[in-house]
Amino acid sequence: LNSDTMVTPGWLPPLLLLLARPETAVAGPRLVTPDGFLAGVGVTGSNLRPILRGWGEPDDPDRYNEVTECLSISGACMGIKRALLPELGYFDEHYFHYFEETDYCYNARFHGYKIFYTPESRVIHRVAGSCRNHRRLQRYFREGERYFLRKWQGFLGDPQVYG
3 LNSDTMVTPG WLPPLLLLLA RPETAVAGPR LVTPDGFLAG VGVTGSNLRP ILRGWGEPDD
63 PDRYNEVTEC LSISGACMGI KRALLPELGY FDEHYFHYFE ETDYCYNARF HGYKIFYTPE
123 SRVIHRVAGS CRNHRRLQRY FREGERYFLR KWQGFLGDPQ VYG
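In terms of the working numbering, the sequence shown opens at residue 3 and continues consecutively.
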């Protein structure tokens with residue numbers, strides 16, 4: 003849970019319900035900005051064409067209103083199954099800011115686990131509130147992306163591994 007987030011009443015039980023499933027490694031909430039726009043409802047698509055669903059759209063309760071299996075979840079708020087830590091490990095320390103959660107989700111999927119988004123959990127996220135320097139954010143993003151692509155290049159195009 004990032005320092006630039008604010009939880010809403012009832013946000014935790016839906017995540018815990020998903021994490022109780024044996025196949026689930028990571029679960030994430032509906033992330034909404036303070037002014038009512040979506041900031042994260044899971045990444046879907048394919049490894050070569052990931053889709054950041056709903057980013058910047060108005061928070062319409064009729065959209066993205068079902069539990070969905072995802073490629074990854076935003077690290078602003080993500081539930082990680084503690085029992086899997088010995089198998090999956092922790093976040094890769096080579097990342098500083100950006101892609102560490104994507105890397106963790108890909109690692110979980112590589113090990114046969116699933117990642118889910120649930121609209122029943124809702125968290126407010128002040129996007130980029132934990133880092134105000136936009137130049138620095140861009141640099142962190144590029145560095146994280148390069149490392150992620152190098153690390154996962156052999157698997158990104160393999161539909162057997164990630165669909």
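Among the hints, erroneous ones may be present.
[To be verified] DEER-style ranges, computed between Cβ atoms: (1) G91 x E59: 22 to 28 angstroms; (2) D6 x L87: 23 to 29 angstroms; (3) R152 x R65: 17 to 23 angstroms; (4) E122 x W57: 18 to 24 angstroms.
Don't read these hints as lab results, they were simulated from the structure. Note that beta-carbon positions come from the ideal geometry of N, C-alpha and C, so glycine has one too.
Checked hints:
At roughly 34 angstroms, the beta-carbon separation of G91 and E59 lies outside the given 22 to 28 angstroms, and the hint is violated. Distance hint check for D6 and L87: the Cβ-Cβ separation is about 25 angstroms, which falls inside the suggested range of 23 to 29 angstroms. For the hinted restraint 17 to 23 angstroms between R152 and R65, the CB-CB distance of approximately 35 angstroms leaves it violated. In this structure the hint that E122 and W57 lie 18 to 24 angstroms apart at CB holds, the actual value being about 20 angstroms.
Comparing the model with each numbered hint stated earlier shows that hints 1 and 3 do not hold.
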